[in-house]
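Chains as they are written, first to last, in the numbering used here: chain A, 47 to 132; chain B, 269 to 671.
Keep in mind that the hints were calculated from the coordinates and are not lab data. Backbone N, C-alpha and C fix where the C-beta goes; we use that ideal spot for every residue, glycine too. Any given hint could turn out to be false.
Unchecked claim - Here's a subset of chain A near chain B, in silico, CB distances under 7 Å, partners left out:
#: 1; residue: 64
#: 2; residue: 66
#: 3; residue: 68
#: 4; residue: 89
#: 5; residue: 97
#: 6; residue: 101
#: 7; residue: 102
#: 8; residue: 126
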Amino acid sequence: MSDKFTIEDLKSILRECAGEDEGVDLDAQILDTKFEDLGYESLAIFETTSRIEREYGVSLGEEALNDADTPRALLDIVNARLLSLA
Amino acid sequence: MKPSTVVTGIGVTAPNGLGTKAYWAATLEATSGIDRITRFDPSRYPARFAGEVPGFVAKEHLSSRLLPQTDHMTRLALVAADWAFADAGVQPDQLDGYDMSVVTASSAGGFEFGERELQALWSKGSKYVSAYQSFAWFYAVNTGQISIRNGMQGPSAALVSDHAGGLDAIGQARRQIRKGTPLALTGGVDGSISPYGWISHLASGRISTAETPDRAYLPFDAAASGYVPGEGGALFVLEEANAARKRGAEIYGEIAGYASTFDPRPGSGRPPALKRAITLALQDAGMAPQDIDVVFADAVAVPELDRLEAEAITEVFGPRGVPVTAPKTMTGRLYAGAAPLDVAAALLAIRDGVLPPTVHIEPDDGYQLDVVTGIRTTPPRSALVIARGYGGFNSAVVVRSAR
């Protein structure tokens, strides 16, 4: 596993545990698109963050759920946690 | 006078046919969908036959967004709902959400989904349990998912009364139509063919352990030894008759009568309440027994329960007084989906002027029933559908031609 959590990592987890909405292209520029506009409601984000926690051995806490409303924001939180583990 | 409620769309997923057309063709050809279980290895269980819906590939019908959050039976239900709308010529996104109700029945929710997540919980820990378990297992999940997918925000419900539930849902949906909701989607699609689900079915003591599929489900036969569980069911679009005619909809028939009763406490000495459900449904339809052209039986295939049902039917209609059929001998019993599938068969029977057969059985003369063991071409204009749920639920629906 790489030491940095990338948008590709996130997309693969999103696809696996929440799927991809018709009419949404995760391969487009989505870093600053709101999860809501990508078709993911809070439960999908909950499922996604708990999968990240499991696979990367980090604890994201409620901050990730409440504050990370875009892929970029979530990547920043995950990478900050990974850094603090290193 | 109460407004009349009619069926304008049907969506079927059944063990002997995926889609209304395939189901009905198979049913009229007496083709059974009961076979050895393939969804898990049944070899270590005493009962090994079920009715599984053939050829259903969820991702061909549903977005990948829905797949991680849905049980198999919810996927079947979402697709059946899509087909019912298409059949009715209704595009839900063109209607006001508050003008559309969803009322479905369920017997055990998304059992297979729940089983998988419980396995994850006990084998790996709570962090491995899907967030979607919060609703995917739940009895109301089909109502909720159909509501979300189609933007239906009218008064909605989920009914849980085992096999009777499918008729109770239709009765409740008709109430919403009568109260002024223009459209209701109703019925039931059910199923829990997974190891944990199977153990739960076996616990009822009513599941057949016969050695061959054609001997496994024999209602009203002297050799009856329990039933075969199945999955699937039917969903309907209901509308108020005048509104449906005004928009030029094709009408399958009217939900003319509905009633439900509950059996008295065992040992009370009072009579079972099935007959009363039948007479109340007839009364609700404003019809006499001789107005009913065919009865779709609950047909549990447990001798004592067959006897009770036969007695109720003969007390109302007289010995051999009405044709009785159980096309569910080709599908197994589908729990909350069973009676809706019978309602679909009844409506298609009225449309096509045929009585669908009961297969594999040699009726026991002692029941004094005129069982339809081969297709009959006496056109029915009306039908009574009977369903009973474990624990004392009895429900009956009368459908009749709207012409």
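Hint check results:
1. 64: holds (6 Å)
2. 66: holds (5 Å)
3. 68: holds (5 Å)
4. 89: Hint holds; residue 89 of chain A Cβ to chain B Cβ min 5 Å, cut 7 Å.
5. 97: The hint is violated - residue 97 of chain A has no Cβ within 7 Å of chain B, the shortest such distance being about 9 Å.
6. 101: violated (11 Å)
7. 102: Interface hint status for residue 102 of chain A: violated (12 Å vs cutoff 7 Å).
8. 126: Result: violated, 21 Å to nearest chain B Cβ.
Violated hints, in rising order: 5, 6, 7 and 8; the structure is consistent with all others.
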